[in-house]
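Asks: In case you want the letters, here they are:
Protein chains: 4
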Amino acid sequence: MGIVLGDNRYGKAETRLVRVTRRDGHHELRDLNVSIALSGDFEAVHLRGDNASVLPTDSQKNTVYALAAEAPVGEVEEFALRLARHFVATSGPVRRAVARVEEFGWARISVAGAPHPHAFRRDGSERRVAVVTCEAGVAWVVSGLDDLVVLKTTGSEFHGFARDRYTTLEETRDRILATAVTARWLHRAPEANWAESFAESRRALLETFAGHHSLSLQQTLYEMGRALLEGRPEVAEVRLTMPNRHHFAVDLAPFGLANDGEVFFAADRPYGLIEGTVRRDDAPAAPAWVWEV
Amino acid sequence: MGIVLGDNRYGKAETRLVRVTRRDGHHELRDLNVSIALSGDFEAVHLRGDNASVLPTDSQKNTVYALAAEAPVGEVEEFALRLARHFVATSGPVRRAVARVEEFGWARISVAGAPHPHAFRRDGSERRVAVVTCEAGVAWVVSGLDDLVVLKTTGSEFHGFARDRYTTLEETRDRILATAVTARWLHRAPEANWAESFAESRRALLETFAGHHSLSLQQTLYEMGRALLEGRPEVAEVRLTMPNRHHFAVDLAPFGLANDGEVFFAADRPYGLIEGTVRRDDAPAAPAWVWEV
Amino acid sequence: MGIVLGDNRYGKAETRLVRVTRRDGHHELRDLNVSIALSGDFEAVHLRGDNASVLPTDSQKNTVYALAAEAPVGEVEEFALRLARHFVATSGPVRRAVARVEEFGWARISVAGAPHPHAFRRDGSERRVAVVTCEAGVAWVVSGLDDLVVLKTTGSEFHGFARDRYTTLEETRDRILATAVTARWLHRAPEANWAESFAESRRALLETFAGHHSLSLQQTLYEMGRALLEGRPEVAEVRLTMPNRHHFAVDLAPFGLANDGEVFFAADRPYGLIEGTVRRDDAPAAPAWVWEV
Amino acid sequence: MGIVLGDNRYGKAETRLVRVTRRDGHHELRDLNVSIALSGDFEAVHLRGDNASVLPTDSQKNTVYALAAEAPVGEVEEFALRLARHFVATSGPVRRAVARVEEFGWARISVAGAPHPHAFRRDGSERRVAVVTCEAGVAWVVSGLDDLVVLKTTGSEFHGFARDRYTTLEETRDRILATAVTARWLHRAPEANWAESFAESRRALLETFAGHHSLSLQQTLYEMGRALLEGRPEVAEVRLTMPNRHHFAVDLAPFGLANDGEVFFAADRPYGLIEGTVRRDDAPAAPAWVWEV
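Chain order of the listed sequences is X, A, W and H.
Residue 1 is where the first sequence starts when you use the working numbering, and the numbers rise one by one after that.
Residue 1 is where the second sequence starts when you use the working numbering, and the numbers rise one by one after that.
Residue 1 is where the third sequence starts when you use the working numbering, and the numbers rise one by one after that.
Residue 1 is where the fourth sequence starts when you use the working numbering, and the numbers rise one by one after that.
Treat the hints with care, as some may be off.
[Unchecked claim] What follows is a list of derived Cβ distance ranges for each label pair:
id	chain 1	residue 1	chain 2	residue 2	range
1	W	Gly-105	X	Thr-172	37 to 43 Å
2	H	Glu-171	A	Ala-195	40 to 46 Å
3	X	Gly-211	W	Gly-105	46 to 52 Å
4	W	Ala-288	A	Pro-254	38 to 44 Å
5	W	Asp-41	X	Ser-110	48 to 54 Å
6	W	Gly-105	A	Asn-193	51 to 57 Å
7	A	Leu-47	W	Pro-72	36 to 42 Å
Derived by calculation from the structure, the hints in this document are not laboratory data.
Keep in mind it's a predicted model, so treat the numbers as computed, not measured.
Backbone N, C-alpha and C fix where the C-beta goes; we use that ideal spot for every residue, glycine too.
Generate coordinates for the entire structure from the input sequences, incorporating the hints supplied.
Replies: Encoded structure:
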C-alpha cells in the first residue's frame, strides 16, 4: 500500500485590482477581485519540495496587474479568459488554469442631476462573477452573481408537504419569500456578447422571482433557471443556491393585536437551503471540475 | 474606600423587524434593526439581583413589534421617537431611553420596465440610522448613515505634509480618494421633515465628496460637514468618521509598462482613520452621552 | 431541445444546538451547528410545486433537536451518522442524505486551580467537523477541522522556483510560514474510534507542520497529509486547503535599522491558496459528491 | 451664526505587526494590531487643506514598525505607552495621542509532549487590549480584553422582574447564562506590573462569572467588576459590556419528549445587551475621552 498525491492546485487568491480608464476627464472605474488556480505537473514540489516548476503566486499577482495595464479589462469573462489562457500558454507544467474574477459595482454620484465624471459610490453588495477554466485548446466559461438579495411580500405559498412525527409546521397560503441568490451558468462556448448575456440572464432571474407565483422555493428556483435558459440560447446549464431566509409573522395576540401579514421577525439561523441545477437535455456534460469554483 | 456602581444601561439589541403595509395589492416594505438601551434607577438589580425594576429585554422586543403593528413605523426618526418616549413614559425606573433604528434599503424589482407591486431587491449595503435619546420632557434626535462607500479617481492631492525621521511617503498631486462614510448629525429639535432632511443631508455629503477638490481627507471631511450644515438649518452638529481606503498605484516598471494612474491595488489594512466634528458656533452643547450610540 | 432538472438537494442549514448533560452537578457541554441536505425523487416539487414528497426543513430542524434529546449526541461523526441514516430510513423520496455537524470547542473555567463543574469558556476559533453521506445501506464518513491557524517563525524556505517576465519575487532561505488549515479526511468505513481518530489525526497535522522543514507550502501540505495517513489506517484520503498567509519583513533601512527576521507585516490580501489531496493508492475511489460539503 | 470645527482626530488604524524575538533557536512570537489617533492643532488642514502640521498616517505606520524594532515590544500597555508618548513628544501640533494595541494569542504547538521552539497555533478568538492616552506630562492606561466568550449551564435565575402589557416572558429558576465579555479597566497610574495585573484581572472576571450565583446578568456584571477592583488596587474603574446570548430550551413536548434543561437553541438575534461601570468612590474622575476607544 502506497501513499500518493491526488488532485491539487495552487494560485494567488483575491488580488484586489482597481482599474481606471481616463478619457478627457471622463473616468471609467472597474473594481475587481481576482483569483488564480493552476494545476498540472506539480508532483515534484509536493513530494520533494522541488520548486522548479512552480511559478510563484506572487508572479500571478503581478500578471493580473500587468495584463490589466496592457489592455482594458473588458467584461469579467474576457479578463478571466485572458488570464486563464495566459497561464496555460506560458507555463509549461500548467495543464489547467482557473481564473475567477469578481466585480464590485459602482454607480456615478449624481451632482445636480448629472452623473459625475470621476466620482462614484458603491452600488450594492451583489457581485458579478466569472469563472473560466482553460486547458490547451479548450475553455469553459461560467458566469454568475453572488448575493442578489430578493424578497416578495406575497405570491408565495407552502402546503401539502410531507409530514412525519417531527413535523409541527403549519401550512400557509401567503408568506414572505426571501433569499440571497447565488447563481452560476455555463456557456456553451467561450465566446458571447458577455455584457448582454449577463444583463439579460440577471433580468430573467429577477423578473421570474418577482412574477412567478411560488408553491415552494424549489419551484421558484426551477422557474428561474428555466427562464434564464429559455431566454439565452448560449447558456447550457444553470446552478442556483438559494437560502430560504425565513420571515416569521409575530404573534401579537397576547397584546390584543391582529397581525394580517404585516409584522415579521427576520430570522438569522437556521435557514432552509435549496440548491438545484437546470440544464438543457442536449447539452454535453461539462467536466465536474468546471464547477469547482 | 468603597466600590460603587457607575454609568450603566441595558436593553434588547438588534430586534429584526420587517413591516409590510398592504394597500390593494401594492405593498410597502420596511426592513429595520432596532436596539433599545434603558438607564435610570437600576442599583438594586446590580447590587442585590433585585429585578423588581427591570423590564425584561424580551418585553422590549415585544414592544418593538407591538408598536410597529399599532401604527405605521414612519421615518426611522419617528419610530425611534415613539419607542424611546414609550419607555420613559411607561417604565418608572427609566430615566433615559435610547432607541436606535437602522434601516436596510430595498428597491422594487423592475418587471418589463415597471416597478413590481410586491417584489423587491436589497439596494446596497448602506444603512440609514436614527438614534433618539429621551428623558422626561426632552428628546434628542441624531440621524445618520453607515457604510456609504465612495471613491473618486482624481481631484485629490496630498503634499506639503510634516516629515519626521520615519517619513518615507512621497507627495502626490493626483490620487484615488476612497472612504466608507459613517455620518451622524444632531437635530436642533426633535421635530423635522425627516424624509426630506435625510435625503438632502445625504445629497450634501455625496455631492461635496464628488465636487470638492481635496488637498487632504480632513479637508474633505470638513467640507462635507459644512455643506450639510449650510443646507440644513435644522441640524446643529455633524460627526463624520472616514477611513482612508488606500489605493496604491502598482509599480509596473519591472514589466516595462507605464502606470499613468490606471492600475491600483486596493489595500485592506492598515488604513488612515479620520474623525471629525463640524458644528454651529451658536448651538447649545448637547450632553456627551447623546452621541453614545 | 428540452430543459430538465439536474442535480438538486435541500435541507435545513445551521441549526444551532447546545446539548447539556447533567450528572450530579457535573455538566457536560456540547455546542453544535448542524446542517442537513436531502436529495432523491424531488422532480414534482421543482416542476409543478407539488410538495407531497417534501419533508419541511422545519421538520429537519425538529429532528436535530429530538434526536439530540433521545440519546447523547456522542462524537460528531456518530451524531451525523444517526441523522443521515434517519432521513434515508424514514423519508421515502430521500435517496441520499448529508448531515454536516460542526462543533465549537469549550474548556472548563478554572477556579482556584480546579476545573469548574458547569462553567465554560470558548476555546479557540477552530471547529471540528463531520460530514456523513448516506444512501440505502451505505454511508461515507468525512472528518475534519476548520480554521486551525498555525505559524512557524523559521524552518521554511522558498527558492529555486520558476521565473517568467512577471516574476520579481526574491528567493528566501528563511521566512515565516503561516496558514489556516481546512482539513477533511475520508474514512474507509463508517465505524471507528472517532474520538481517538480525530485527536490523533489533528496531532499528526500539527506536529508535521511544526516539525517538517518546509521548502514550499505544497511540500508541507503533502507531508501533513502523509503523516495523517501513515498514522491512521482507518483513513483513506486527506484533503487540505491551506492559504499562505504572507508575513513580509518590513524594510527598516530608511530608518537606519536592521531587520534580521524580527519585524513583519501580516498581510490580508492577496494570499496564496494551496489545495491538495493525499490518498492511498489502493483505496477505492469515493464518489465525487461525498466531498461536496 | 458661524460654522466651526469641533473635536477631531486622525491616525493610522490596524497596523498589523508580528514581532519575533530569536534567542538561540528559541523564538518568541507577538502578534499585534496597532491603531494610532492624534489630536491637537489641526484646524489648518481641515479649513484650508494646509497639511504642514499633518504627520502622514503612513509615517505613523512606519513608527509602529521602527519602535518595535528598536526594542522588544514588552506588554501591550508598555508598547502603547511608548507609541503614544512618542507622538506627543516629537510632533509639535499633537496635544493628545491615543495608541490602541490589540494582541492575538498564540500557543506553542506541542510535539511529542514538549512545546516547540518556533511553531505556534492561534489560541482562541479572545484578544488582550491596551489603550493609552497621552498628553504632555500625563498618561492614562486602559487595559482590557475583547470577546471572552463564557457560558454556565446552571447557577443562573431570572424572576421577580417588572411586567407591563407587552411582557410575556416566563420566570425561570435555572437557565443557561452565556455572554461575550468586552472589558476595559482604567489604571490609577501609568505604571504597573502589566503582565500580572492583566492575568489577575482576567482571572477575577472568569472566576466570578463561574462562581457567582446569578439572579440577573446585571448582577453578574457588577460582581465581576467588583471582584476585579477588590483584587487589583492599581485599578480605578471597570467597564463591562456583556451581550446576553440567549439559549432557549427547545419545546420537545410535540414529540413526546421531556426537556429537563438539556436541549437548547442558541439564538443569534436579538440579544440582551448589558453595559455597566464599577468604580472606586474615591477615584478621581478620568476625562470622558480616555474611554473613547
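Asks: Against this structure, judge whether each hint is valid.
Replies: These are the hints, each one checked on the structure:
1. Remark: the range hint 37 to 43 Å for Gly-105(W) to Thr-172(X) is upheld by a beta-carbon distance near 39 Å.
2. Restraint check, Glu-171(H) to Ala-195(A): a C-beta distance of roughly 43 Å satisfies the suggested window 40 to 46 Å.
3. Take Gly-211(X) and Gly-105(W): their Cβ atoms lie about 47 Å apart, and the range 46 to 52 Å holds.
4. Checked against the given bound of 38 to 44 Å, the beta carbons of Ala-288(W) and Pro-254(A), roughly 42 Å apart, stay inside it.
5. Between Asp-41(W) and Ser-110(X) the Cβ separation comes to about 53 Å, which falls inside the hinted range of 48 to 54 Å.
6. The hinted range of 51 to 57 Å is satisfied by Gly-105(W) and Asn-193(A), whose Cβ atoms lie roughly 53 Å apart.
7. A hinted range of 36 to 42 Å for the beta carbons of Leu-47(A) and Pro-72(W) is consistent with their spacing of about 40 Å.
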